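**Q** Input sequences plus hints: build the corresponding full structure.
Heads up: the sequence lines are chains G and D, in that order.
Heads up, the first sequence is in full-length UniProt numbering, so the first residue is 1 and it goes up one at a time.
Heads up, the second sequence is in full-length UniProt numbering, so the first residue is 1 and it goes up one at a time.
Calculated directly from the structure, the hints in this document are not laboratory data.
Among the clues, some could well be false.
For chains that are exact copies, the list does not tell them apart, and a pair is met inside one copy or across any two.
Unchecked claim - As a list, the in silico DMTMM-like pairs of lysine to aspartate or glutamate whose alpha-carbon atoms are at most 20 Å apart: (1) Lys367 x Glu405; (2) Lys367 x Glu298; (3) Lys196 x Asp520; (4) Lys367 x Glu53; (5) Lys367 x Asp380; (6) Lys398 x Glu384; (7) Lys489 x Asp507; (8) Lys398 x Glu423; (9) Lys398 x Asp380; (10) Lys398 x Asp534; (11) Lys489 x Glu364; (12) Lys196 x Asp350; (13) Lys398 x Asp539; (14) Lys367 x Asp501.
Being a predicted model, the structure only gives us computed values, none of them experimental.
Below are the chains, spelled out letter by letter.
Protein chains: 2
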Amino acid sequence: MPTLRIALAQVNSTVGDIAGNAATVHGWVRRAAEQQAHVVLFPEMMLTGYPVEDLTFRESFVSASRNHLERLAADLDHDGLGGIAAVVGYLDADGPARLGADAAAERGPRDALALLFGGRVVARYYKHHLPNYGVFDEDRYFVAGDTLQIVRLNGVDVALTVCEDIWQPGGPFAVAGLAEVGLVVSINASPYELNKDDVRLPLVRRRGAEARAAVAYVNMVGGQDELVFDGDSMVVAADGTLVGRAAQFDEQLLVTDLDLPSASSDRTGDFGEMHVARLTLDASFPAPAPPVPATLAERLGDDEEVWNALVVGLRDYVRKNGFRSAVFGLSGGIDSAVVAAIAVDALGADRVVGVSMPSGYSSEHSKDDAADLARRTGLDYRVEPIQPMVDSYLSQLKLDGLAVENLQARVRGVLLMALSNQEGHLVLTTGNKSELAVGYSTLYGDSVGGYNPIKDVWKTRVWQLARWRNAAALERGEVEPIPANSIEKPPSAELRPGQLDTDSLPDYHVLDAVLTGYVDTDQGRDDLVAAGHDPQLVDRVLRMVDVAEYKRRQSAPGTKISFKAFGRDRRLPITNRFREGV
Amino acid sequence: MPTLRIALAQVNSTVGDIAGNAATVHGWVRRAAEQQAHVVLFPEMMLTGYPVEDLTFRESFVSASRNHLERLAADLDHDGLGGIAAVVGYLDADGPARLGADAAAERGPRDALALLFGGRVVARYYKHHLPNYGVFDEDRYFVAGDTLQIVRLNGVDVALTVCEDIWQPGGPFAVAGLAEVGLVVSINASPYELNKDDVRLPLVRRRGAEARAAVAYVNMVGGQDELVFDGDSMVVAADGTLVGRAAQFDEQLLVTDLDLPSASSDRTGDFGEMHVARLTLDASFPAPAPPVPATLAERLGDDEEVWNALVVGLRDYVRKNGFRSAVFGLSGGIDSAVVAAIAVDALGADRVVGVSMPSGYSSEHSKDDAADLARRTGLDYRVEPIQPMVDSYLSQLKLDGLAVENLQARVRGVLLMALSNQEGHLVLTTGNKSELAVGYSTLYGDSVGGYNPIKDVWKTRVWQLARWRNAAALERGEVEPIPANSIEKPPSAELRPGQLDTDSLPDYHVLDAVLTGYVDTDQGRDDLVAAGHDPQLVDRVLRMVDVAEYKRRQSAPGTKISFKAFGRDRRLPITNRFREGV
Numbered sequence: 001m002p003t004l005r006i007a008l009a010q011v012n013s014t015v016g017d018i019a020g021n022a023a024t025v026h027g028w029v030r031r032a033a034e035q036q037a038h039v040v041l042f043p044e045m046m047l048t049g050y051p052v053e054d055l056t057f058r059e060s061f062v063s064a065s066r067n068h069l070e071r072l073a074a075d076l077d078h079d080g081l082g083g084i085a086a087v088v089g090y091l092d093a094d095g096p097a098r099l100g101a102d103a104a105a106e107r108g109p110r111d112a113l114a115l116l117f118g119g120r121v122v123a124r125y126y127k128h129h130l131p132n133y134g135v136f137d138e139d140r141y142f143v144a145g146d147t148l149q150i151v152r153l154n155g156v157d158v159a160l161t162v163c164e165d166i167w168q169p170g171g172p173f174a175v176a177g178l179a180e181v182g183l184v185v186s187i188n189a190s191p192y193e194l195n196k197d198d199v200r201l202p203l204v205r206r207r208g209a210e211a212r213a214a215v216a217y218v219n220m221v222g223g224q225d226e227l228v229f230d231g232d233s234m235v236v237a238a239d240g241t242l243v244g245r246a247a248q249f250d251e252q253l254l255v256t257d258l259d260l261p262s263a264s265s266d267r268t269g270d271f272g273e274m275h276v277a278r279l280t281l282d283a284s285f286p287a288p289a290p291p292v293p294a295t296l297a298e299r300l301g302d303d304e305e306v307w308n309a310l311v312v313g314l315r316d317y318v319r320k321n322g323f324r325s326a327v328f329g330l331s332g333g334i335d336s337a338v339v340a341a342i343a344v345d346a347l348g349a350d351r352v353v354g355v356s357m358p359s360g361y362s363s364e365h366s367k368d369d370a371a372d373l374a375r376r377t378g379l380d381y382r383v384e385p386i387q388p389m390v391d392s393y394l395s396q397l398k399l400d401g402l403a404v405e406n407l408q409a410r411v412r413g414v415l416l417m418a419l420s421n422q423e424g425h426l427v428l429t430t431g432n433k434s435e436l437a438v439g440y441s442t443l444y445g446d447s448v449g450g451y452n453p454i455k456d457v458w459k460t461r462v463w464q465l466a467r468w469r470n471a472a473a474l475e476r477g478e479v480e481p482i483p484a485n486s487i488e489k490p491p492s493a494e495l496r497p498g499q500l501d502t503d504s505l506p507d508y509h510v511l512d513a514v515l516t517g518y519v520d521t522d523q524g525r526d527d528l529v530a531a532g533h534d535p536q537l538v539d540r541v542l543r544m545v546d547v548a549e550y551k552r553r554q555s556a557p558g559t560k561i562s563f564k565a566f567g568r569d570r571r572l573p574i575t576n577r578f579r580e581g582v
Numbered sequence: 001m002p003t004l005r006i007a008l009a010q011v012n013s014t015v016g017d018i019a020g021n022a023a024t025v026h027g028w029v030r031r032a033a034e035q036q037a038h039v040v041l042f043p044e045m046m047l048t049g050y051p052v053e054d055l056t057f058r059e060s061f062v063s064a065s066r067n068h069l070e071r072l073a074a075d076l077d078h079d080g081l082g083g084i085a086a087v088v089g090y091l092d093a094d095g096p097a098r099l100g101a102d103a104a105a106e107r108g109p110r111d112a113l114a115l116l117f118g119g120r121v122v123a124r125y126y127k128h129h130l131p132n133y134g135v136f137d138e139d140r141y142f143v144a145g146d147t148l149q150i151v152r153l154n155g156v157d158v159a160l161t162v163c164e165d166i167w168q169p170g171g172p173f174a175v176a177g178l179a180e181v182g183l184v185v186s187i188n189a190s191p192y193e194l195n196k197d198d199v200r201l202p203l204v205r206r207r208g209a210e211a212r213a214a215v216a217y218v219n220m221v222g223g224q225d226e227l228v229f230d231g232d233s234m235v236v237a238a239d240g241t242l243v244g245r246a247a248q249f250d251e252q253l254l255v256t257d258l259d260l261p262s263a264s265s266d267r268t269g270d271f272g273e274m275h276v277a278r279l280t281l282d283a284s285f286p287a288p289a290p291p292v293p294a295t296l297a298e299r300l301g302d303d304e305e306v307w308n309a310l311v312v313g314l315r316d317y318v319r320k321n322g323f324r325s326a327v328f329g330l331s332g333g334i335d336s337a338v339v340a341a342i343a344v345d346a347l348g349a350d351r352v353v354g355v356s357m358p359s360g361y362s363s364e365h366s367k368d369d370a371a372d373l374a375r376r377t378g379l380d381y382r383v384e385p386i387q388p389m390v391d392s393y394l395s396q397l398k399l400d401g402l403a404v405e406n407l408q409a410r411v412r413g414v415l416l417m418a419l420s421n422q423e424g425h426l427v428l429t430t431g432n433k434s435e436l437a438v439g440y441s442t443l444y445g446d447s448v449g450g451y452n453p454i455k456d457v458w459k460t461r462v463w464q465l466a467r468w469r470n471a472a473a474l475e476r477g478e479v480e481p482i483p484a485n486s487i488e489k490p491p492s493a494e495l496r497p498g499q500l501d502t503d504s505l506p507d508y509h510v511l512d513a514v515l516t517g518y519v520d521t522d523q524g525r526d527d528l529v530a531a532g533h534d535p536q537l538v539d540r541v542l543r544m545v546d547v548a549e550y551k552r553r554q555s556a557p558g559t560k561i562s563f564k565a566f567g568r569d570r571r572l573p574i575t576n577r578f579r580e581g582v
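**A** This is the structure in structure tokens:
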């Protein structure tokens, strides 16, 4: 049985930065070579970043991806790294870059994989299964491949696949089984969802069984716009044994020695659903010595997992967009307190500016709690009272009620944007998912900002995360970042005297239970009532979601709320004219 | 040869308002019956509106669509209208409403067509070709049908198809030809693009030739969110003769008498690409007398066509979202002047509020031009100086340069939103497509608003539209709505003394030529230079588009500029890290 030393490069790629991503590949191939790996695997679309979206449609971008790939192969060889087989995801095209009306297009842009060896691109594979649900729109951008590429490496047959190929039965894994390979390589850009790691291992095992082969599964890590990739790369033997597993949310080179069966078939051509192409790499790899010990990284708990995703997402958004620091309104409430703690974990306290912007309605405890958080975390704390600006509007316009409440939030928004323009910070928004769903926020007010770390987090989980983060600090002997009072006190927007969230909303535990059903799992009014929720409450909450959508229509043209970050693309329904129960 | 009297109901449907849409169908079936029509055709997704987007995923919404359809059939019969065959688009499902990872799903939501007759749904057809490009995302929502339904009506075989079925070769029209039908019905929700009417007639002729049959093509009319449907319904005989054509942008019942061949085939089952199902409607229609005269509506010129699209889009957005009036900043410049004229045409002068918000940098001619437009159009004109509010910020924060420029725009945004909250108007944004593309605007400033009538209009066409609208007024003996000075003067944002757009931007004619290539037709740097543009200019413009994307990242999370309204979904590329020419 030949042994292959396989290195999984679980790394962070940046959309559009082809040169930078190529440099990343170069550096990690060197690290893999230093560990005597025979093969090193990089994630899906490593060279271009993922998702490239409409960049796919630019011929110049496709050319850049293809050209950099060739250059990378040559550069690796030039630097003495041509003897390691490197698998790299990239963007290719064998037809026009923009797909149009012709649904039956057989050529066009490809979500592609290349095998680099000896200074050349020796094999290519085009992704077969294209996902077009949730956060994925790949039918819009890519043409599906129909040829499974098998490469004989050191006497072992290795089938090459990309991401969604492993999520669906049939296709490449089934064909790999018929073609009698020893190993299936799966390169991924698989976004984080809560508990997705609990799904991945059984999935990899199931598909390995379908292919009757070992599976090397490498995933991207890091934040890209609305997505966070959590890594969780792994190697599973043909019998289902977990041989190695990388940590979540960190860059890592996972090196594994795998004993694999010698190649036994040369059959090519038509395998029903796909074609099979084969080639043999003219290389014999020395048996690696000494063997590497197995790495099996521990899984994180739910709250730690979410916290890491939020921190990594924010850190990469700031870095990849060229910012150095962030600013936001620090009210003393739980939402901005949790955003502050995330920002300090992501960027360091010296790059985080929290601005207390009290009005005449702000309570003393709010100002105290904001100052307390600032002391605990060490962030740059400022106080900018808003009453003079609010009064300047009120003395000119005749406003009352909601218009006055919204005015205060908008003055704060203008203030934060002015600081952003003057000092270069990214503005963070601090509204949670529950508030966003029911529209309990002010357009162009507290909704101002380029990134909202908690927009996908229900209010009840915001509290849970605060408690988890404080407990983690205690465990490490550090100061708890979030004041207990911010966690314990009843939430209030403080836009009129004595206001409480419960004046306008049900208790958040009750609210979140209904919203989760309505938004996350598409339940209708009757489903929710059948699930035991009070009918009047359900009607009230659904009505709020409907009105929120209506309010958003006063916002930027075409803006829809999209809860995309954690793998589920749940647009709130446009139901201001559709009443549940009709 | 039997004669069929066919009525095409080119009507306006509203997403989500199933009961209202059913009532519309009822009313127009009655009108068709009064004209002794045998068959009346309604657009795609008539009952639910189009596009329903994520409403598709709600089982309760699918049920509502199905139930209302059955009820509609019964109600029509109850009111003596069961003897006319009504073809109605609706949402159906024969599987789970939410499509997920299983790309091979054979059951699920359907973009469906129903034939109502004698109080019942007698036939259904599921759309075969699902578009997933431009403004369409149908692979995300629907499962494709594979059975062509043919109905024998008064001895004529009629094949039933939906929208995209006519845009692609092969599929339903080819199968209809093999099945030897006399007429193909095509129901559509086909959004407006410039000159799309020039494409439609040859398309209908081409597909009619493929089916060797007459084609009855009915399209929706009216605005729905970012889309505008332009109608342009038509009937084309088997020999390619245009028998009847409806007007653009207006509701209309187009009634046509068609002599059609008697049915000649009974073959059902497998036709290669699709199955064929047949049924005979137990009805013989009396020959209609007297024959209806042919209607052939005249085509509009380009500028008139665009103007109509903008007016209809705004009017329906306001109405369908429950607003009664609109407010916006009236600066005296060309963009807000054109928006004002569109708004007055769409809503009437008494529902339009234009607010002049001069600062210390506003010129006298700007204030004069704004007042002049107000006098010419009769809109509700107000003056709200912003300097006191601007000063209230400046006396608290230390700001200079761009931060001060942006501050002025944001104070105006807060002012407009306060008026919106207090008085209930929809806020209109007035930035043109050229400005948006290069980011020549202020986030949360002049970008504030729920609807932007000219976001898809390049600056050079804004001027052209202004001239066309004034000329049209002269022709009708009316006052020209737009002051000549707003058209002729050099554009300026007036955010600092003596500022002109040309300080920051190339001349708009030069700029638009490059932007059109880069944004509308995906040309890269080298393509644009090869097309004769100055290389330095190209680099400068592309750099501006890149930076604009970067600036938008300071905006709401997940916000992307999407030029969707006119059929092309051109997201500006995220190129702040991809440099053309790499």
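**Q** Starting from the hint list further up, note which numbers the structure goes against and sort them upward.
**A** 2, 4, 10, 12, 13
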